[in-house]
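Student: Heads up: the sequence shown begins at 10 in our numbering, then just goes up one per residue.
Incorrect hints may have been included.
As the list claims (entries may be wrong) - Here are the computed distance ranges between Cβ atoms for each label pair: (1) Ala65 with Tyr120: 31 to 37 Å; (2) Ala72 with Gln18: 16 to 22 Å; (3) Gln18 with Ile97: 30 to 36 Å; (4) Gln32 with Glu121: 25 to 31 Å; (5) Met10 with Asp94: 17 to 23 Å; (6) Ser125 with Lys99: 26 to 32 Å.
To be clear, the hints were calculated from the coordinates, so they are not data collected in a lab. These numbers come from a predicted model, not from an experiment. We put the beta carbon where it would ideally sit given N, CA and C, even for glycine.
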Amino acid sequence: MSSTKILDQDHRIIEIVWEQQAQPEDFDHITSQIERFALQLGGTFDVLVDMRKVKAFIPESQAKLVEHQKELLKFGMQRAAVIVDGVITKMQLNRSARQSQHSTESHWNSYEEALSFLKESSPALHS
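Let's have the full structure, built from the sequences with the hints guiding it.
Tutor: Here is the structure:
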């Protein structure tokens, strides 16, 4: 099952882990959870998206991905660092990013590199 959580409160990073069989309702569920997280993080956040298990989304889920990205941008998403292996998945992500007008998505081969990128380019909050 796909999941999401606040990965790093200080750096305002939310993690999403997508499963291969992600269904349209999974996108609705994850999106509503992120809306709550965004409020907890003050309306500005980055997203670490783990798509290593995804080879390709079903057509119904592809449409939901665009909708999901648009919503996250409205909630205050600044950047998304996506860990992705498959060529088809990368093509789908590029297409959905164009359709949702999401221009701050970067693709990574490893979880550690993606997380490091988000942390290094977004200093921790000091309260």
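Student: State for each hint whether it applies.
Tutor: Hint by hint, here is what the structure shows:
Remark: the range hint 31 to 37 Å for alanine 65 to tyrosine 120 is contradicted by a beta-carbon distance near 20 Å. Distance hint for alanine 72 and glutamine 18: a CB-CB separation of about 32 Å, inconsistent with the stated range 16 to 22 Å. A hinted range of 30 to 36 Å for the beta carbons of glutamine 18 and isoleucine 97 is consistent with their spacing of about 34 Å. Between glutamine 32 and glutamate 121 the C-beta distance comes to about 29 Å, which sits within the given range of 25 to 31 Å.
Distance hint check for methionine 10 and aspartate 94: the Cβ-Cβ separation is about 20 Å, which falls inside the suggested range of 17 to 23 Å. For serine 125 and lysine 99, the hinted distance range of 26 to 32 Å is not satisfied, since their beta carbons lie about 20 Å from each other.
When held up to the earlier numbered hints, the structure conflicts with 1, 2, 6 and fits the remainder.
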